[in-house]
Amino acid sequence: MMQRPAIVGIGATPYYFRGTSAPQTLYELIGKASLAAVADAGLKITDIDGLAFYASGFEPGLITEMLGIPEINFASTVAAQGGGSAGVLDLAAMAIETGRAKAVLCIGACQQGGRRYGLSLANIALTPDGVWSRAAGLAGPGQALALVARRHMHVYGTRREAFAEVVLSSRQSASTRPGALRRTPLTLDAYMAEPMLADPLCRFDFCLETDGALAFVVTSAERARDLAQRPVTIAASAQAGSRDWGRAFFWFNMPDAVFTSAGAEPVARRLYAQAGIDPKDVDVALLYDHFSPLVILQLEDYGFCARGEGGPFVESGAIRLDGSIPVNPHGGHLSEAYVIGMTHIREAVEQLRGVAVNQIEGAEFALVSGGPAPIPMSGAILSNQL
Amino acid sequence: MEEMPARPDLSTLDVPMDAWTQPFWDGAAQGKLLLPRCGKCRHFRWPPGPFCPHCQSQQTEWLAPGTARIYSFTVVRARAGADQPPMHVPALVEFPEADGVRLLAAIVDTPLSAIRIGAALNLEWSQAINAMVPVFSVAAPATI
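Top line first, the protein sequences correspond to chains V and G.
Going by this note's numbering, the first sequence opens with residue 1, and the numbers climb by one from there.
Going by this note's numbering, the second sequence opens with residue 387, and the numbers climb by one from there.
It should be emphasised that the hints constitute simulated quantities derived from the structure, not laboratory data.
This structure is a prediction, so every number in the text was calculated from the model and none was measured.
We put the beta carbon where it would ideally sit given N, CA and C, even for glycine.
Take the hints with a grain of salt, since some may be wrong.
As the list claims (entries may be wrong) - Here's a subset of chain V near chain G, in silico, CB distances under 10 Å, partners left out:
hint, residue
1, 126
2, 134
3, 136
4, 362
So that you can see chain V by itself, here it is in the shape it has in the complex:
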């Protein structure tokens, strides 16, 4: 019989402003998060027999040596970059469902040295078909996605006030969280007074750059019943994407209607079908917020409002803690920390355990999205309804 997967342990290091986690190494951060996750689950590190990594991945041999994991039966890395963050849960789910592994440790971490993610388009090696960003003077994803934001404003009349509301809402949530890096509440006036970095985006629309590591333990729902925490099942997980979205802002030749989206519709379709729920059943949404306008576009892709209406939807207060679909009650990448989607998974689990700092009362289903980025993009629906 197929085993339903459940998240039973979460662990995290503190979140550090970019470059301030030294002298700890990246693998030290990973080790701390991993040991914390295992302890949280009521397991031992020697119970782990599978590894699932996000982004460029890590060295399975090094991690098993370092932590004393005796033997692994499964190790895999998601194929995507920012789009794949929730994909670690998909990999772990596959390993558990098939019986390949009994307890999978999912790891996501980043530590930025000299090379900044925010200028990653300027830093990547030029290729014959990728030279255009450099030629046009686009240095980073935020500048590139400003092109999408402006087009959405042009086509649908979306206002800067909507971008501001995403940021203000995130900052409000982060203000109650001791570990968050941007906790001072922000006013609309202060937002509007901020100079543009990549018009129509100002500094506040850009996420943080953070050092940190998070880890999650996934096992079967059956085994989860005997462990330390209230289990959170992976009701659906997906890594998907359409050719029309392709390499996203490394390509920019999407069909018109897709250009002003976040590319997440294929993921959304799969998730809702697999979980057997509709957008109205989602109690809290953890949406990958590297840049504020992309939250609005994801709200449209995931069916929380109609296409083009994301701006007025957020301006109505819908994404606040008391709104119709609370978004990122942990403060997200914009205000809490940016560990490439991993903090969103942690918050989803805490919401469904009922222990979140900004708890959404009675939350039963949480949506987690990976970043609007080259495919495959990813997402998961988590639930505490076993």
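Since the structure of chain V is already known, use the hints to place chain G on it.
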């Protein structure tokens, strides 16, 4: 005098080329903007590559796309003290007669207030180490 965007500094850009992008740069060297179209099903595609995504044919022909206009753009300003070029305007340029191609290119020689989505563009060129790179200015912008 209204602010004008800077030209991107391409003096250190050595454009990598391969068999599929070479015709673009050969055209550029002669002052011609040429875009790839499938020789079989006649769909334009971008970037240049070995297959037509519509019919998978490898036959490719190169055509001048006619008029150009702004599909979207951003105005990039460096933070004080940041090691970045001065204010510049990366844009996505579309070609009504070459549906399916959006080219990333800088808008130059144009007052900021004239840079709008839909604005018709003139083609200009900027010198990289080994290639001429297309940049665009807004056609007949309103005088300030």
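The hints, checked one at a time:
no.	hint	result
1	126	holds, 5 Å
2	134	holds, 6 Å
3	136	holds, 4 Å
4	362	violated, 42 Å
In terms of the numbered hints stated before, the structure departs from hint 4 and from no other.
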